[in-house]
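For the protein sequence lines, the chains are V and W, in the order given. With UniProt numbering, the residue at position 249 of the first sequence is 249, and numbering never jumps. With UniProt numbering, the residue at position 395 of the second sequence is 395, and numbering never jumps.
A hint or two may mislead.
Stated by the list, open to error - Here are the simulated lysine to aspartate or glutamate pairs, EDC-like style, with alpha carbons at most 20 Å apart:
1. W:Lys208 x V:Glu258
2. V:Lys286 x V:Glu313
3. W:Lys215 x V:Glu313
What the hints assert, rightly or not - Across the chosen pairs, the derived CB separations fall in these ranges:
4. W:Asp420 x V:Ala336: 46 to 52 Å
5. V:Asp51 x W:Gln396: 28 to 34 Å
6. V:Glu63 x W:Phe192: 29 to 35 Å
To be verified - Calculated from the model, a selection of chain V residues having no Cβ within reach of chain W, i.e. all distances over 10 Å:
7. Lys53
8. Gly95
9. Asp329
It is worth saying that the hints were derived from the structure and are not from the lab. We treat Cβ as the ideally placed atom computed from N, Cα and C, and that holds for glycine.
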Amino acid sequence: MYAIARQRILGQSFQKMRPAVSVLRSYSSAAKQITVRDALNSALDEEMSADPKVFLMGEEVGEYQGAYKITKGLLEKYGPERVLDTPITEAGFTGIGVGAAYYGLKPVVEFMTFNFSMQAIDHIINSAAKSNYMSAGQISVPIVFRGPNGAAAGVGAQHSQCYASWYASCPGLKVLSPYNSEDARGLLKAAIRDPDPVVFLENELLYGESFPVSDEVLDSSFCIPIGKAKIEREGKDVTITAFSKMVGYALKAAEILEKDGIYAEVINLRSIRPLDRSTINTSVRKTNRLVTVEEGFPQHGVGAEICASVVEESFAYLDAPVERIAGADVPMPYAANLERMAVPQIEDIVRAAKRACYRSVPLAAAA
Amino acid sequence: MASAFSATKFAAHPFNTISPTSQNKPLKIPTAASPFLGSTRKLLRLTSQLNLSRRSSGSVFAVSDVVKEKKPTPTPSLLITKGEGLVLYEDMVLGRAFEDMCAQMYYRGKMFGFVHLYNGQEAVSTGFIKLLKQQDSVVSTYRDHVHALSKGVPARAVMSELFGKTTGCCRGQGGSMHMFSSEHNVIGGFAFIGEGIPVATGAAFTSKYKREVLKEADCDHVTLAFFGDGTCNNGQFYECLNMAALWKLPIVFVVENNLWAIGMSHLRATSDPEIYKKGPAFGMPGVHVDGMDVLKVREVAKEAIARARRGEGPTLVECETYRFRGHSLADPDELRDPAEKAHYAARDPIAALKKYLIENNLSGEAELKAIDKKIDELLEDAVEFADESPLPPRSQLLENVFADPKGFGIGPDGRYRCEDPKFTEGTAHV
Chain V
1 MYAIARQRIL
11 GQSFQKMRPA
21 VSVLRSYSSA
31 AKQITVRDAL
41 NSALDEEMSA
51 DPKVFLMGEE
61 VGEYQGAYKI
71 TKGLLEKYGP
81 ERVLDTPITE
91 AGFTGIGVGA
101 AYYGLKPVVE
111 FMTFNFSMQA
121 IDHIINSAAK
131 SNYMSAGQIS
141 VPIVFRGPNG
151 AAAGVGAQHS
161 QCYASWYASC
171 PGLKVLSPYN
181 SEDARGLLKA
191 AIRDPDPVVF
201 LENELLYGES
211 FPVSDEVLDS
221 SFCIPIGKAK
231 IEREGKDVTI
241 TAFSKMVGYA
251 LKAAEILEKD
261 GIYAEVINLR
271 SIRPLDRSTI
281 NTSVRKTNRL
291 VTVEEGFPQH
301 GVGAEICASV
311 VEESFAYLDA
321 PVERIAGADV
331 PMPYAANLER
341 MAVPQIEDIV
351 RAAKRACYRS
361 VPLAAAA
Chain W
1 MASAFSATKF
11 AAHPFNTISP
21 TSQNKPLKIP
31 TAASPFLGST
41 RKLLRLTSQL
51 NLSRRSSGSV
61 FAVSDVVKEK
71 KPTPTPSLLI
81 TKGEGLVLYE
91 DMVLGRAFED
101 MCAQMYYRGK
111 MFGFVHLYNG
121 QEAVSTGFIK
131 LLKQQDSVVS
141 TYRDHVHALS
151 KGVPARAVMS
161 ELFGKTTGCC
171 RGQGGSMHMF
181 SSEHNVIGGF
191 AFIGEGIPVA
201 TGAAFTSKYK
211 REVLKEADCD
221 HVTLAFFGDG
231 TCNNGQFYEC
241 LNMAALWKLP
251 IVFVVENNLW
261 AIGMSHLRAT
271 SDPEIYKKGP
281 AFGMPGVHVD
291 GMDVLKVREV
301 AKEAIARARR
311 GEGPTLVECE
321 TYRFRGHSLA
331 DPDELRDPAE
341 KAHYAARDPI
351 AALKKYLIEN
361 NLSGEAELKA
371 IDKKIDELLE
381 DAVEFADESP
391 LPPRSQLLEN
401 VFADPKGFGI
411 GPDGRYRCED
421 PKFTEGTAHV
């Protein structure tokens with residue numbers, strides 16, 4: 001599949017880019033490669049082994065080894081009391097997870113995709129996110145809701161929505177979205193240890209991708225701070241913000257732009273809520289141009305929030321209007337060519353960056 | 001199972017209701033009919049459609065039978081001691097007087113928003129909650145003031161919360177519909193009906209998990225989930241009946257069937273209005289009890305809670321009760337038949353308990369009046385306390401969104417990252 005071939009190229013180009021980015025650390029020479037799936041699995045395994053209060057709950061997480069094999073091997077290791085196969089009752093089992101979290105257990109609730117979380121969204125918002133506030137700090141909810149988010153390949157409108165902006169608009173939730181294996185491991189471990197409800201948005205197409213990780217990442221105490229973005233690639237001409245799969249596309253676009261003499265700074269958001277406004281604004285003050293990239297619907301999306309934040313805090317520094325790249329404003333179509341048009345592609349990001357730099361570009365002709 | 005629920009016989013309450021004016025004859029319920037009461041004509045049409053012979057199987061029945069069997073007429077053995085009786089009386093009077101005071105305060109403008117009062121249903125709250133330990137949990141709906149009071153949250157704290165003052169049990173941030181007290185294990189207070197049921201099931205799950213996985217051997221905490229008749233048509237209710245029975249969780253599902261969901265009669269909303277029958281469909285006992293009689297409720301509650309504590313799993317208890325006031329203080333309450341209201345007012349649980357205590361020489365007028373006075377003084381004090389308490393300060397607006405002070409999460413050393421002064425510099429390079 002064309003999309004998957006692209007992913008492989010991204011993996012290699014990421015490796016080539018490493019020397020430009022390693023500002024603070026030198027990595028061990030033999031960097032190990034692990035897939036995002038293995039990163040998530042190892043994170044769950046280590047956190048369950050470290051804390052007996054952590055347990056997993058979801059459809060097919062046990063005997064089926066996980067609908068996407070993220071929880072493979074965990075049932076054998078920890079038993080059915082800690083890895084619970086649930087009936088198809090999102091509202092019910094999400095609420096049960098919240099009730100368990102009220103009393104100090106640390107559930108990790110898996111949604112087969114975040115589209116199904118809509119059946120449980122009342123519990124995520126009303127009984128998880130709002131409880132610490134409503135009870136004035138008496139009851140905190142250390143729960144993690146995880147699962148694949150956004151478009152996969154050819155799965156149709158009801159299985160392809162991105163929920164980042166919906167959940168990120170709600171106070172009381174932390175919303176994380178990893179890109180590579182390091183993000184996956186570090187953010188999931190941070191999420192499980194966190195005392196607040198965390199929505200952890202993975203991406204199905206990234207599960208099989210391998211990324212190099214250092215020994216530090218493989219250490220069992222490794223975790224990444226929440227609320228801090230990462231600058232994946234430094235640049236001086238335009239800032240590109242992205243999260244999840246779009247980080248890979250943005251990095252690839254940056255490579256293409258470099259050939260035209262445009263040096264793009266790519267920011268991997270990692271945390272949608274709390275949003276790392278200071279990193280984004282610092283970057284925009286340096287480059288003076290901004291392109292936001294996301295897979296979800298454009299209206300009221302993550303890019304809209306980033307644009308508003310930059311306009312509020314760094315207006316005088318902007319040399320061009322903010323360019324917003326998002327999924328098409330339609331339910332996801334099924335036909336392969338339409339689906340490709342409905343999701344941002346690398347050339348869309350390149351074109352937007354060029355527009356932001358006032359280079360003339362041909363009209364969109366992707367098909 | 002050998003328990004008080006082994007009887008399968010079923011009997012009707014003899015009940016004559018004054019018919020609606022267009023039908024000038026008294027409604028008679030056929031003897032084998034359900035003890036379901038309601039004043040509309042629709043009941044008669046419905047009972048004739050019910051296949052009554054189905055009810056002979058399964059462990060569902062009317063507790064009024066059981067209670068009658070326990071009390072042979074010549075020398076009645078008492079269901080409660082004097083001490084217990086006074087505790088029950090005081091708790092119900094506290095609930096009633098508190099709610100009446102809420103109505104007064106609301107109309108004086110001290111309380112605002114949505115206020116849902118519990119008048120008439122006190123027997124259910126008192127009958128169940130007074131059997132619990134401190135560590136057992138209670139989950140309720142928006143009609144939660146009296147559940148919180150019965151569980152031990154001080155009247156001062158609840159009243160302040162309703163006034164929106166910073167001394168309230170949730171510092172004024174929750175309000176009438178969101179009573180939380182981690183000390184007393186009252187975990188809400190939920191505005192969405194049906195929302196509390198999965199949360200309660202989760203609390204029960206934790207109790208079992210603590211015992212079996214974390215090996216806290218003495219953890220036998222029970223959870224009670226209170227909810228109404230309208231909720232019993234909601235999907236989450238069935239999802240939780242299924243999972244609670246599947247995993248044998250220590251929970252009791254208590255239905256406070258007051259026959260009305262705002263203005264929607266239970267009979268108009270439900271295909272089969274006998275809610276207790278839904279328990280056996282999921283593999284748990286379903287019990288129907290007269291919720292206007294605190295002693296009957298208490299007998300059923302004892303068995304249900306003991307069952308849960310022994311690890312035998314959940315029970316569904318349907319308490320037939322009635323709210324004397326409207327759905328909320330904003331409800332004009334025009335759809336309910338005055339005759340129905342009068343019928344239930346005559347079965348006021350507090351008057352019934354008072355009568356029982358006096359007739360069985362467990363207490364006297366004077367002692368009970370002294371309790372009434374004590375509660376009145378307690379409430380005067382609570383209102384005064386709430387009145388004089390300060391409003392929340394401006395700085396409180398943004399507090400308590402997260403347990404984590406700055407939202408940066410926990411570091412590898414187990415402490416909050418924001419406690420490291422160097423942390424806020426730079427970006428998240430690893």
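Here is what the structure says about each hint:
no.: 1; hint: W:Lys208 x V:Glu258; in the structure: 59 Å, violated
no.: 2; hint: V:Lys286 x V:Glu313; in the structure: 13 Å, holds
no.: 3; hint: W:Lys215 x V:Glu313; in the structure: 53 Å, violated
no.: 4; hint: W:Asp420 x V:Ala336: 46 to 52 Å; in the structure: 49 Å, holds
no.: 5; hint: V:Asp51 x W:Gln396: 28 to 34 Å; in the structure: 32 Å, holds
no.: 6; hint: V:Glu63 x W:Phe192: 29 to 35 Å; in the structure: 33 Å, holds
no.: 7; hint: Lys53; in the structure: 7 Å, violated
no.: 8; hint: Gly95; in the structure: 2 Å, violated
no.: 9; hint: Asp329; in the structure: 31 Å, holds
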